[in-house]
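Fit chain B to the given chain A structure using the hints.
Those sequence lines, one after another, are chains A and B.
Just so we're aligned: 59 in my numbering is position 59 of the first sequence, and the numbers increase by one with no gaps anywhere.
Just so we're aligned: 228 in my numbering is position 228 of the second sequence, and the numbers increase by one with no gaps anywhere.
Watch out, some of these pointers could steer you wrong.
Identical copies go unnamed one by one, so any copy, or any two together, can satisfy a pair.
[Claimed, not checked] Dumping the calculated DSBU-like pairs for lysine-lysine here, alpha-carbon to alpha-carbon at most 30 Å:
hint: 1; residue 1: Lys49; residue 2: Lys350
hint: 2; residue 1: Lys93; residue 2: Lys272
hint: 3; residue 1: Lys232; residue 2: Lys330
hint: 4; residue 1: Lys57; residue 2: Lys315
hint: 5; residue 1: Lys266; residue 2: Lys44
hint: 6; residue 1: Lys120; residue 2: Lys93
hint: 7; residue 1: Lys307; residue 2: Lys349
hint: 8; residue 1: Lys136; residue 2: Lys262
hint: 9; residue 1: Lys143; residue 2: Lys93
hint: 10; residue 1: Lys57; residue 2: Lys47
hint: 11; residue 1: Lys262; residue 2: Lys47
hint: 12; residue 1: Lys266; residue 2: Lys193
hint: 13; residue 1: Lys193; residue 2: Lys4
hint: 14; residue 1: Lys315; residue 2: Lys143
hint: 15; residue 1: Lys113; residue 2: Lys272
hint: 16; residue 1: Lys136; residue 2: Lys280
hint: 17; residue 1: Lys232; residue 2: Lys307
hint: 18; residue 1: Lys8; residue 2: Lys232
hint: 19; residue 1: Lys229; residue 2: Lys94
hint: 20; residue 1: Lys120; residue 2: Lys57
hint: 21; residue 1: Lys144; residue 2: Lys89
hint: 22; residue 1: Lys44; residue 2: Lys317
hint: 23; residue 1: Lys146; residue 2: Lys93
hint: 24; residue 1: Lys174; residue 2: Lys49
hint: 25; residue 1: Lys232; residue 2: Lys176
In short, the hints are calculated from the structure, not lab data.
Listed below are the residues making up each chain.
2 protein chains.
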Amino acid sequence: MLYKITEKIFEMEQAGHRIVKLNIGEPDWPTAPECVEAAIKAIKEGKTKYASVQGQKELRERLAQLHEATSENVVITPGSKYGINYVMKTLLKKGDEVILFSPHWTAFELIAKEYGAIPKGISLSFNDNWKLDFEKIEKTITKKTKLIIFNNPCNPTSHIWPMEEENRLIDLAKKKGVYILLDCAYRGIAFTKIPAHPAYQEHVIITDSFSKTFGMTGWRLGYVVANEKIVKELVRLGQISVTNVPVFIQEAGIAALDNYEKLAEKTRLISKKRADACIKVLRGNVEFTTPGAGFYLFPKLGMDGEKVFEEMLAKHKIALVPGKAFGNYKEFARLSLTYPESILEDACKKLVETIEKLR
Amino acid sequence: MLYKITEKIFEMEQAGHRIVKLNIGEPDWPTAPECVEAAIKAIKEGKTKYASVQGQKELRERLAQLHEATSENVVITPGSKYGINYVMKTLLKKGDEVILFSPHWTAFELIAKEYGAIPKGISLSFNDNWKLDFEKIEKTITKKTKLIIFNNPCNPTSHIWPMEEENRLIDLAKKKGVYILLDCAYRGIAFTKIPAHPAYQEHVIITDSFSKTFGMTGWRLGYVVANEKIVKELVRLGQISVTNVPVFIQEAGIAALDNYEKLAEKTRLISKKRADACIKVLRGNVEFTTPGAGFYLFPKLGMDGEKVFEEMLAKHKIALVPGKAFGNYKEFARLSLTYPESILEDACKKLVETIEKLR
Numbered sequence: 001m002l003y004k005i006t007e008k009i010f011e012m013e014q015a016g017h018r019i020v021k022l023n024i025g026e027p028d029w030p031t032a033p034e035c036v037e038a039a040i041k042a043i044k045e046g047k048t049k050y051a052s053v054q055g056q057k058e059l060r061e062r063l064a065q066l067h068e069a070t071s072e073n074v075v076i077t078p079g080s081k082y083g084i085n086y087v088m089k090t091l092l093k094k095g096d097e098v099i100l101f102s103p104h105w106t107a108f109e110l111i112a113k114e115y116g117a118i119p120k121g122i123s124l125s126f127n128d129n130w131k132l133d134f135e136k137i138e139k140t141i142t143k144k145t146k147l148i149i150f151n152n153p154c155n156p157t158s159h160i161w162p163m164e165e166e167n168r169l170i171d172l173a174k175k176k177g178v179y180i181l182l183d184c185a186y187r188g189i190a191f192t193k194i195p196a197h198p199a200y201q202e203h204v205i206i207t208d209s210f211s212k213t214f215g216m217t218g219w220r221l222g223y224v225v226a227n228e229k230i231v232k233e234l235v236r237l238g239q240i241s242v243t244n245v246p247v248f249i250q251e252a253g254i255a256a257l258d259n260y261e262k263l264a265e266k267t268r269l270i271s272k273k274r275a276d277a278c279i280k281v282l283r284g285n286v287e288f289t290t291p292g293a294g295f296y297l298f299p300k301l302g303m304d305g306e307k308v309f310e311e312m313l314a315k316h317k318i319a320l321v322p323g324k325a326f327g328n329y330k331e332f333a334r335l336s337l338t339y340p341e342s343i344l345e346d347a348c349k350k351l352v353e354t355i356e357k358l359r
Numbered sequence: 001m002l003y004k005i006t007e008k009i010f011e012m013e014q015a016g017h018r019i020v021k022l023n024i025g026e027p028d029w030p031t032a033p034e035c036v037e038a039a040i041k042a043i044k045e046g047k048t049k050y051a052s053v054q055g056q057k058e059l060r061e062r063l064a065q066l067h068e069a070t071s072e073n074v075v076i077t078p079g080s081k082y083g084i085n086y087v088m089k090t091l092l093k094k095g096d097e098v099i100l101f102s103p104h105w106t107a108f109e110l111i112a113k114e115y116g117a118i119p120k121g122i123s124l125s126f127n128d129n130w131k132l133d134f135e136k137i138e139k140t141i142t143k144k145t146k147l148i149i150f151n152n153p154c155n156p157t158s159h160i161w162p163m164e165e166e167n168r169l170i171d172l173a174k175k176k177g178v179y180i181l182l183d184c185a186y187r188g189i190a191f192t193k194i195p196a197h198p199a200y201q202e203h204v205i206i207t208d209s210f211s212k213t214f215g216m217t218g219w220r221l222g223y224v225v226a227n228e229k230i231v232k233e234l235v236r237l238g239q240i241s242v243t244n245v246p247v248f249i250q251e252a253g254i255a256a257l258d259n260y261e262k263l264a265e266k267t268r269l270i271s272k273k274r275a276d277a278c279i280k281v282l283r284g285n286v287e288f289t290t291p292g293a294g295f296y297l298f299p300k301l302g303m304d305g306e307k308v309f310e311e312m313l314a315k316h317k318i319a320l321v322p323g324k325a326f327g328n329y330k331e332f333a334r335l336s337l338t339y340p341e342s343i344l345e346d347a348c349k350k351l352v353e354t355i356e357k358l359r
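Next up, chain A with everything else stripped away, as it sits in the complex:
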């Protein structure tokens, strides 16, 4: 549903409609000039040739250092989603189970199903502030469980689970002999400080993206940190699909890391201001969890999110994503906070109006 909406909105735009795209988690500011300049320099230097499938050693070494791993544990991928896809292809066979925490990013579920695996979404509750229930998690792990996916901060809620809960989950996975994938796409831009780069461990797979923190969505640059067995398989799969990520794009990634703190802080500040602006409009009108990181709000609408989506798109040319796209959360919707405050405030007002009208 998420991707059908994305493609539909792109088509509407190409047909000349102006849409406020709160459906897509994409910064509206340009890629940081440091990254742009590094890419252009590399293109001009002719870094446009075939290259290592695993990725440029310099970039891999830099990332390895952040995650307390070696460069042999790192694979550069065209976006983190591609990496997550091939990690699942590597680990899962038909009938295997993957534990997700719902609401969850649509791609986790779609990819697991693509390989015939069964996504087991553990439904977390808005009223409980999305708290993890370890007893329930332990019961959900069976002999068929091959992978736990943990996306902290969470897309779509922007909720942050405290480090104690995350570490407890990592330990539980280890105890049960199950891999855990930490998707860190929103970690660098958390409003409250959490370690941006979790430490690599043998049973921990880390995926991260340059898209959100550095405004590099369309560049398609991400990475996987994993044990050498998984890395070897990712390289083999890369050899028969995309080959390498363009070297000049990897150079932009190195420039992003060179300026990490500055760029992440900028994204964090912009996102925080936007979240606050939306909160001001929504508070008292719609229920929501206060976001712990940038990019998303996941309000509880008190009615069918799909109806609200349709009305908002038809009447106001504002695109949301119905909660259904993220699991059994029909009454919710995801808003991407990727426009200036004035537009977001207006969109939130229209959301409140729409809900009142449809009630």
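Just chain B now, with coordinates in the frame of chain A:
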């Protein structure tokens, strides 16, 4: 084997060895300035955002026109290999058969096997000048045959089959109700004029690459032309893997098409001169088929190609690919003609010496 060698050579280079890489089909000249400029312009204009999974409409329309299709038949892919991979994922299930013409590009076989399909290589003969035997082909097609792959001009031989043979094969596939994939990666740079862009038909899948004709190997840009059912599935798979090819790379592709004739002619002339230089050294010493297109020579060494590969790499730091990588062609080796003539002449001399020494 092909990709293990590629990765090994990259590693040797990163460790400081200087290798003459006749193992990889990559132009040694820079990407055409028209493409470089278009990409840089697009980056500066901020065309660095998420975009359509299917690809930019302008590029798709241009390609559709070349292949007598509509833009709805075209998907832009990060390299043609990725496209070929996902076409096979779409069409094949376990136990299905794929017909290849051997010697064949390694990736066809590896990808088919990846999806549990059985590659049925029809061995063509050097002594017969790689002629297609239609009786044999017809016999090889069974109820399990889902796909015929035809790579004209051929990697690794650079042989060109005449259009009558290609059309006969396309008609045979239609008669048998089997898809045929035309991999056109070397078609734009054929020495003898053949139609660079075959016409799309319902049962014909066309894949092509910007890598060879325009010196764009490391950019990862290719495309698939296919019926809407296949396109829809490729888009679905893209949504859960790479998302989009960077728009600025697609803009470089549009610039390449704007300058098609000029750039293809340049590649053709350089490649022809190099092939001629090699032929001069090899003639009378080693048997080979005269190449009909750029990039590869596939000499018959009269001995184990792997031994020749090892000796050439160890002694002369020249990398080839043993014929075994392309099917049951142990006595052959593939040389990529992607260096200036003087280096190629020297490499060919060393090849002749090595053969004489090992004989």
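Checklist entry - Honestly, which of those hints from before does the structure not fit? => result 2, 8, 13, 14, 15, 16, 20, 24
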